[in-house]
Amino acid sequence: MSRVKTLQALFKRYRRPGDLVFAWLFLAISVLLLSQLWDQAAYKAGGKLFAQPRFWPAVSLSLMTLFAALHLYGSAISERLDGRWKEVALWISALEFAAWFVAYAFVVPYIGYLPATLIFAVLLTLRAGYRSRTALTGAAAAAIVIVLLFKSFLQVKLPAGKIYDTLPDGIRQIMLTYF
Amino acid sequence: MENLLAGAMMLARWDVLLALLVGSIGGVIIGAIPGVGPAVAIAILLPATFALDPIVGLTMLLGIYGSSMYGGAIPAVLINTPGTAVNALTSYDGYPLTQRGEAHRAVSLAYSASFWGGIFGILCLILLSPVLALIAPMFGSREIFLAALLGIILVILAHRGQIFAAGMLAMLGIFLQTIGLDAVTYTQRYTFGLTFLSSGINLIVVVLGLFALSQAFFLLTNPDESPDAKPVSGKLTAGFRELLKHKRVATVASSFGVILGMIPGTGEFTAQFMSYTYAQKTSKTPNSFGKGSPEGLIASEAANNAVPAAAMIPLLALGIPGEALTAMMLSVFYVHNVIPGPQLFQNDIDLVYGLYLALILLNVIVFCFLLFSTNLMTKIIRVPTRFLGVLILILSFVGVYSLRNSLTDCMIAAGFGILGLILKRLNLPIVPIILGMVLGGIMEVKLRSALPRLKTPLDMIDRPISFILFVLILLVLVMHVRTLIKEYKAHLPEEDHEIHDTQLR
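Chains as they are written, first to last, in the numbering used here: chain X, 1 to 179; chain L, 1 to 505.
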């Protein structure tokens, strides 16, 4: 029995504040997607059921909705936990960092990988609350190492910055290829 | 034997050896830093390895995969914070040893047990290979479809207490892979008229979002901490001698690791818990468990290190990944045009042996590296968590953007990053989404290619292996229902659930 118990404890996870909000959201999205089934996935007349383009979306979305409903039911009957909206506020606050990430991706093709990474690393380190010189130099150094490793050494496919075109001849070629 | 030699020849190149060295040492460091973990590292490095030779890229990622658990033991033992989620039980007995001033004993025992488990797992893999080469060709479309279905069911059922959540997330994964242009009928599925959705949602973008970006968001939205680990003094080789006194525990634990590693959806956690329970039950001093028992430490570390090699078995032989890391490895194989599955054992057996040898080598490299550099690692793990978040964000960009230089991919990844953050905060599992995507794709393709041969539904299971798989699926479901009934009748009390917090790291 003790083994069964340990295994049970292993897989059990416990509800946290905000679970109910997530459960509602997930169910709403599932239902919304399922309602689009006829519109968004075709059914070829005469074809076998299992080979229909609609088959797998139908199976996955129906089961997803079913599981989401059961999950919501589980959340709803559980004891209410404090701090639900505080938790949701934290999720929303994470959008800020998602925006930072997308902004970084947006500027790279314009100002180039090296400058964008340097600026982004230092600014985000400041945003994360570090003010010490060690942290800021560390961020700048890490940015340079990352660029050297991926772009200069591994030659990962990243676009060269438009700004590099304005550089003098000799440097331009190097910057376009390696940074 | 000649295949083994051919495999060795494959590795005898400076770039392969360098990749192995970088991968294994990098893996230890990454595993040692609480908050990064192998999933984040592999996700970030995936696209970077596309430009490399297949064997070079594969050995590098294999290095990270196989060595991160070694590193994860260091913070588990020294600061009671597991470096990777699978080192959770190591901290149970490792940290009390540190508190008693026996940190070097704990660390060296953890390394030795990891080494034992790692090598044991690979030896099993090598011994099983001829059998696999025999069985694998018997797997046709039907069998692979059923095996993938079994995988999905196991992944969902493995999340006891959260089966509904795991189910809905796995189904989300299956749904995600259907988005885009259907390859056979050329019809759009769930593209809502948006051109960027026509090519579908890329698995690597989802992986990077769910594992890497979510971790960055998680660290950045939490208060800053800086783990403080004290340096270790003493001879680290002593652990091996002590391990030899507990050969039985180490071997049984490794066997658990191998067996459970092969089954999709179970993996390290179950292996650890079962071997830990076994060690405690058969120990002469069961009361010392959780208070610094060397046997507990050995059981936990030997089990989790035997898993990577075993998890390669379904991956290489059938092309079916059992957990997130092997799912990522699968996409690496595909990119390098190495298609895991029955034909791999027939046509490229030397590559398979090359990978085995790489696994052995990496265990040796890591073991030697750790004997000399544990104190260096105690310095590295002090990186403040928010700063780590900044670094992960910068590194994730390389991963997502280098795929196809698409800003849309970055936005999709950021969206999945937020989803991943919510799941981590709620302690819900992320792995079912990834496995749903991978296994869902396999199921769709295999079911379609099996259709022409099916006249009646019974044809699906008229071959021996497909029949066995079908019986297994039924058995798993029945066993699950039986356990549920048993649990319901027994009214078991609540257990300590702090350990699941490690899921967050």
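The set of hints was computed from the structure by calculation and includes no laboratory data.
All values reported here derive from a predicted model rather than from experimental measurement.
One should not assume that every hint holds.
[To be verified] Keeping only pairs whose Cα atoms sit at most 30 Å apart, straight-line, the calculated DSSO-like set for lysine-lysine is:
id, chain 1, residue 1, chain 2, residue 2
1, L, LYS247, X, LYS48
2, L, LYS281, L, LYS379
3, L, LYS245, L, LYS230
4, L, LYS291, X, LYS44
5, L, LYS235, L, LYS284
6, L, LYS424, L, LYS455
7, L, LYS489, L, LYS455
8, L, LYS424, X, LYS86
Here's how the hints hold up against the structure:
{"no.": "1", "hint": "LYS247(L) x LYS48(X)", "in the structure": "57 Å, violated"}
{"no.": "2", "hint": "LYS281(L) x LYS379(L)", "in the structure": "37 Å, violated"}
{"no.": "3", "hint": "LYS245(L) x LYS230(L)", "in the structure": "28 Å, holds"}
{"no.": "4", "hint": "LYS291(L) x LYS44(X)", "in the structure": "64 Å, violated"}
{"no.": "5", "hint": "LYS235(L) x LYS284(L)", "in the structure": "27 Å, holds"}
{"no.": "6", "hint": "LYS424(L) x LYS455(L)", "in the structure": "46 Å, violated"}
{"no.": "7", "hint": "LYS489(L) x LYS455(L)", "in the structure": "44 Å, violated"}
{"no.": "8", "hint": "LYS424(L) x LYS86(X)", "in the structure": "16 Å, holds"}
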